[in-house]
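Protein chains in written order, with my numbering: chain F, 1 to 359; chain E, 1 to 359; chain B, 1 to 359; chain R, 1 to 359.
Hint data in this document are derived by calculation from the structure and do not stem from the laboratory.
As the structure is a computational prediction, the values presented were derived from the model and not from experiment.
Note that CB positions come from ideal geometry on N, CA and C, so glycine has one too.
Possibly wrong hints are sitting among the right ones.
As the list claims (entries may be wrong) - The following residues of chain E were derived to be distant from chain F, with all beta-carbon distances above 10 Å: (1) SER78; (2) ALA92; (3) VAL237.
Claimed, not checked - Only part of the chain E face toward chain R is listed, based on derived beta-carbon distances under 8 Å: (4) SER120; (5) LEU121; (6) PRO123; (7) SER179; (8) LYS204; (9) THR207; (10) PHE209; (11) GLU214; (12) ASP276; (13) HIS279.
4 protein chains.
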Amino acid sequence: MHRGAYTLDMVVRVGIVGASGFTGVELLRLIAAHPQMELVVATGDTQAGTAVASLYPSLAATYPELVFQAWTADLAESNQLDVVFCGLPHGASQDLVPLLLGPERLVVDLGADFRLKDASLYPRWYGADHRVPELLESAVYGLPELFRSDLAALGGAGLVATPGCYVTTATLALAPLLSAGLVEPTGIVVDAASGVSGAGRPAKPNTTFCTVDEDFTAYGLLDHRHTPEIEQNLTGVARTPVQVLFTPHLAPMNRGILATCYARPARPTSTAEVLDALHDAYDDEPFVVVSERSPSTKATLGSNSVAVTARADDRTGWVVAIAALDNLTKGASGGALQAANVALGLPEATGLATAGLYP
Amino acid sequence: MHRGAYTLDMVVRVGIVGASGFTGVELLRLIAAHPQMELVVATGDTQAGTAVASLYPSLAATYPELVFQAWTADLAESNQLDVVFCGLPHGASQDLVPLLLGPERLVVDLGADFRLKDASLYPRWYGADHRVPELLESAVYGLPELFRSDLAALGGAGLVATPGCYVTTATLALAPLLSAGLVEPTGIVVDAASGVSGAGRPAKPNTTFCTVDEDFTAYGLLDHRHTPEIEQNLTGVARTPVQVLFTPHLAPMNRGILATCYARPARPTSTAEVLDALHDAYDDEPFVVVSERSPSTKATLGSNSVAVTARADDRTGWVVAIAALDNLTKGASGGALQAANVALGLPEATGLATAGLYP
Amino acid sequence: MHRGAYTLDMVVRVGIVGASGFTGVELLRLIAAHPQMELVVATGDTQAGTAVASLYPSLAATYPELVFQAWTADLAESNQLDVVFCGLPHGASQDLVPLLLGPERLVVDLGADFRLKDASLYPRWYGADHRVPELLESAVYGLPELFRSDLAALGGAGLVATPGCYVTTATLALAPLLSAGLVEPTGIVVDAASGVSGAGRPAKPNTTFCTVDEDFTAYGLLDHRHTPEIEQNLTGVARTPVQVLFTPHLAPMNRGILATCYARPARPTSTAEVLDALHDAYDDEPFVVVSERSPSTKATLGSNSVAVTARADDRTGWVVAIAALDNLTKGASGGALQAANVALGLPEATGLATAGLYP
Amino acid sequence: MHRGAYTLDMVVRVGIVGASGFTGVELLRLIAAHPQMELVVATGDTQAGTAVASLYPSLAATYPELVFQAWTADLAESNQLDVVFCGLPHGASQDLVPLLLGPERLVVDLGADFRLKDASLYPRWYGADHRVPELLESAVYGLPELFRSDLAALGGAGLVATPGCYVTTATLALAPLLSAGLVEPTGIVVDAASGVSGAGRPAKPNTTFCTVDEDFTAYGLLDHRHTPEIEQNLTGVARTPVQVLFTPHLAPMNRGILATCYARPARPTSTAEVLDALHDAYDDEPFVVVSERSPSTKATLGSNSVAVTARADDRTGWVVAIAALDNLTKGASGGALQAANVALGLPEATGLATAGLYP
């Protein structure tokens with residue numbers, strides 16, 4: 001199959017590496033609804049040999065026979081994969097992605113390993129040197145709202161690094177305001193709350209039901225790893241260094257991220273003007289809804305949609321921008337599929353719902 | 001368009017009467033994913049004039065322009081509707097359905113008004129005489145797992161009455177055991193728990209967050225209205241009168257019903273035998289998954305799937321059968337769409353997901 | 001200090017063995033509100049050296065200096081403990097309790113190790129022979145509603161084995177009906193749901209937030225370990241062997257158990273008569289509330305109260321009895337404190353709230 | 001009885017006006033645990049004649065006979081009340097409090113009617129002129145951590161206006177930093193999340209379970225009514241005008257408020273220094289816990305405790321201060337009881353738990 005030449009009757013052969021985690025199970029759900037993708041293989045090293053239906057009964061009717069396989073170095077070749085999605089823990093993709101890349105293959109990495117362009121940020125924020133820094137430049141950042149043409153230019157082959165869930169949320173809230181020069185690039189506060197699925201599948205003391213239910217708490221004070229990625233995106237659109245203080249919180253819900261962002265106006269502005277900036281940026285986007293309504297995570301549940309709004313406060317001199325999305329769909333696997341559609345030359349919204357599950 | 005002649009390139013024009021309630025919003029979500037259905041009109045008398053996106057931001061990206069309309073007597077004619085779904089409060093369909101029926105139109109009623117075949121049960125369980133009892137006989141009960149051929153025989157026109165959410169759950173758990181003569185028809189207990197969406201959208205003191213969250217309670221003790229409907233279904237498959245004590249409970253979750261059903265074995269049996277009876281009944285069904293796993297409501301979230309299992313207890317002489325589903329999807333709007341697909345001659349699973357949203 | 005002689009100005013020196021689990025942290029909370037108990041020492045082997053305030057910030061203001069200690073064989077002697085509560089995993093108490101008992105000391109074991117009177121039930125339901133079966137006879141079952149005089153007769157010294165949380169719930173629902181001969185002793189079904197805290201503090205795959213939230217599921221089908229304990233209690237009050245099928249469910253909430261129990265009437269009865277039997281049994285009890293209201297777990301949150309009701313169904317010939325309580329308070333640590341009060345000769349309700357935290 | 005002369009064997013006769021709301025039911029729970037308060041009368045106009053046990057089964061065992069009464073103008077006199085707590089909707093206290101005040105009576109108003117000292121703020125933030133502005137000056141603000149000596153000076157008689165729930169949280173987080181001159185008085189952001197009980201008991205569309213569960217959303221953008229009250233408190237401690245942008249959010253939980261507050265350092269500072277400022281302010285407080293731990297609402301559940309921490313970020317030049325508490329206990333009824341204890345001359349912590357219900 002030749003890249004750039006996908007048409008509406010072609011089948012795209014898909015594999016998932018690291019499919020047993022939450023981004024993996026979400027990809028399996030979404031691919032089942034994608035009319036042109038065929039799931040060929042799913043690996044999960046800690047679950048190798050386990051039936052998908054056993055670990056995830058939610059997929060029992062959809063993938064009754066699928067079994068998680070162990071990784072093998074020739075996985076992509078032996079399965080003739082057109083697309084490989086990687087849903088691996090941070091750090092693991094650096095070793096595997098080079099083995100998956102090929103002249104006619106798209107690799108979409110959902111982890112952090114290829115998101116930052118500046119290799120020197122990895123030791124600072126992720127605690128270790130990057131092992132394949134030469135790939136950082138060629139990796140395309142998988143946020144179609146900002147990098148659609150770069151993604152389309154891949155012509156179906158290459159490496160896409162999809163954004164972190166908090167990063168997508170904060171970036172979509174703030175980018176139009178910085179791009180339009182409406183707010184100052186420093187002194188920005190991103191105060192966000194996430195559902196618990198953002199912490200992944202493995203059982204940990206801080207994500208048991210009894211720890212989290214009926215609780216609201218902040219974590220990662222001052223130094224959450226998504227900070228430099230938010231700054232990278234916003235610096236790009238502002239064309240001047242942007243600095244952000246990011247405070248994530250954990251909310252007692254499965255899914256959803258809401259980011260409430262505070263910035264100083266660069267010049268006198270108004271609620272109408274900041275809303276206009278959002279409308280200008282997003283009214284042609286298939287998945288971003290701008291309105292005066294205060295965004296609600298629940299309205300995006302299971303969909304690839306994002307809700308955004310903004311306000312300017314005369315009294316205190318702050319601009320507030322808010323975005324909400326489903327951290328596993330638009331914030332991870334749905335966003336990855338959207339980016340893959342663009343990179344493959346398929347209609348961008350193929351297989352992706354805009355309607356949230358409600359209630 | 002001629003009934004019974006739908007093919008894969010035909011468009012089905014759909015209207016929803018009573019679209020502002022939870023079965024309505026779920027229908028709107030599902031129809032958006034149905035490749036052959038086109039939503040033409042949605043009525044909601046208490047919300048007439050309200051934008052769908054305003055009442056349900058979850059649909060803002062999907063139906064940006066749709067506005068709830070007021071009911072009109074010529075609604076189906078003037079909109080050239082092929083299918084009308086009714087999501088009305090109990091009692092209201094008796095007046096409207098006769099106005100919607102037509103020689104080439106399918107009406108699918110999601111309420112209780114046409115579910116019971118015996119008109120004398122309405123005054124007893126619903127508190128009022130039935131106003132169009134002559135329609136009860138012709139209405140086809142919209143549970144494809146039991147009435148597939150009757151639905152198919154409609155050839156795209158007629159009246160379908162879809163089951164209550166608890167009823168679908170209990171019926172699918174118990175029907176194969178009664179049909180096979182494995183359990184006694186009397187002394188059956190159906191102990192079930194439902195998410196809060198089963199109570200509908202309007203704000204009521206017993207379904208506020210602060211009333212329901214972190215609570216588990218029983219309600220409708222001895223006399224819940226779904227009782228005669230469960231008995232009607234099971235009597236049909238058992239070919240002898242079945243009697244059930246049904247106790248519903250409210251669980252602090254949005255969606256999901258799990259029914260744990262207890263019956264006396266009609267003769268010595270075993271877990272293997274009762275599981276075999278479930279497999280025999282359902283292994284060819286697109287939406288019913290039989291396994292030894294204890295069913296989980298969460299595994300069915302947003303999907304049309306049902307999980308069932310059974311056990312026979314030598315020690316106490318009880319057979320236990322358990323089923324779980326999403327009360328708004330398979331238990332209401334998804335089941336209605338599945339029934340409509342069959343009645344229209346479309347592939348039964350068209351537009352319906354089997355994969356649940358997880359987590 | 002002499003047992004049986006506690007008066008309202010005496011201080012009771014208390015230790016907790018296994019204080020880092022959920023029954024331990026609940027005991028710490030309750031003892032802080034007990035006007036005569038002084039917490040002297042708390043052990044927690046896996047947490048030895050950890051500050052209580054660090055593991056449980058909920059106790060930071062109450063026990064700012066307390067540190068979990070390691071177990072030592074002379075713990076009770078060296079700390080001059082009057083009462084020791086044991087909140088250990090099943091099996092562990094068999095080794096430690098003999099070292100804690102003393103002529104003037106009360107040991108209250110919250111685990112299962114001394115609950116069953118018939119030692120032969122331990123290998124069957126708990127998988128191992130009992131190591132100190134000679135203690136089973138002398139252990140007093142810590143349910144004051146059934147064994148108040150036995151507890152009082154301890155005179156402040158001896159061994160109390162407090163009931164399992166499901167067991168307390170089911171026993172209090174059914175005991176008056178069996179005691180009064182109103183229902184048959186066999187064919188009883190106990191269908192119950194519990195909050196997640198019943199599974200304990202350690203992180204496990206089946207109790208992560210993302211597994212449990214928005215889910216309802218059954219577990220332990222046919223063979224949950226609380227079954228023989230329910231049967232032991234009910235057999236005692238019925239004076240004839242009672243047999244129960246018990247099906248526990250997991251509900252997405254922190255605390256609370258509700259048991260819906262089904263039994264066959266032994267002779268024609270009525271709702272009025274079964275309610276009367278409950279009133280006769282409980283109207284003088286400080287913690288049991290009988291009413292026609294359907295019990296709600298939330299109404300008991302954090303209190304030592306139990307709500308019960310019952311119905312008789314003419315139509316199907318079933319009696320339904322329902323009880324609700326907080327599994328960690330009345331179902332574990334509160335019930336243990338209540339039993340300790342009785343055994344120590346203190347007013348039974350000392351330090352125990354009847355008002356639930358609401359909402 | 002003479003004010004200022006309460007001793008440990010005196011009984012305080014208490015009435016609650018507006019007892020059927022959530023602050024009322026929480027007061028009823030707390031007063032039941034107060035060793036010197038006797039609940040004499042509880043009014044609730046919309047619930048007059050309803051048994052407390054019926055509306056709030058959580059109180060059935062505690063107040064089995066209590067019935068909500070209708071308000072009467074001589075309520076305080078005819079019941080010989082020493083203390084009256086008012087839990088009324090905003091606006092209603094202005095008419096009733098003047099009728100309750102008396103030379104030997106303490107009136108504690110939990111609403112907003114007497115919180116603001118500047119009467120001109122009422123029309124702006126509450127939409128109507130104040131009807132008894134002459135009482136604003138004499139009302140003592142019921143936050144003992146800031147106004148302990150003023151409360152004590154009441155000598156058991158007078159008017160106390162207790163703070164809003166968000167206000168207590170934000171004030172306790174920020175006051176020590178402003179008092180010590182560590183942060184700038186303007187440009188402050190208070191980003192907070194609350195459980196749903198803050199919205200009160202009545203059923204409303206925006207607080208049904210199905211609206212709120214699994215959702216996180218902001219509300220009251222730019223103009224929440226607690227804003228001027230936060231500014232009043234902080235202006236008092238800073239001795240210079242303080243300006244705050246306050247953004248509340250709704251989290252899917254019953255209780256709890258967490259405020260994450262952002263301020264600019266007034267001079268170079270450090271995390272150690274800002275934590276020291278909190279320790280200096282609170283180490284002698286019975287209910288405020290300062291630590292490096294990130295505060296968690298759940299750790300305060302049902303208790304009168306507050307958890308606070310702070311950080312200074314060199315990188316972005318922000319100081320972050322966080323506080324968490326139970327909005328109905330310390331944030332409303334518990335804080336009111338604490339203030340009443342001080343005003344009555346009783347030990348401040350009488351009847352108030354520091355240990356949270358966990359899990």
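Do the hints match the structure? See the list:
1. SER78: 26 Å, holds
2. ALA92: Correct as stated: the minimum Cβ-Cβ distance to chain F is 22 Å, above 10 Å.
3. VAL237: 23 Å, holds
4. SER120: With a minimum Cβ separation of about 35 Å from chain R (threshold 8 Å), the hint on SER120(E) is violated.
5. LEU121: Cβ of LEU121(E) sits 30 Å from chain R, so the hint is violated.
6. PRO123: Hint on PRO123(E): violated, closest Cβ of chain R at ~30 Å, above 8 Å.
7. SER179: 36 Å, violated
8. LYS204: Holds. Min distance 6 Å.
9. THR207: At about 6 Å, which falls below the 8 Å cut-off, the nearest Cβ of chain R leaves the hint on THR207(E) intact, so it holds.
10. PHE209: With a closest approach of 4 Å, the PHE209(E) hint holds.
11. GLU214: 6 Å, holds
12. ASP276: 38 Å, violated
13. HIS279: Cβ of HIS279(E) sits 34 Å from chain R, so the hint is violated.
Violated hints, listed in ascending order, are 4, 5, 6, 7, 12, 13; each of the other numbered hints is respected by the structure.
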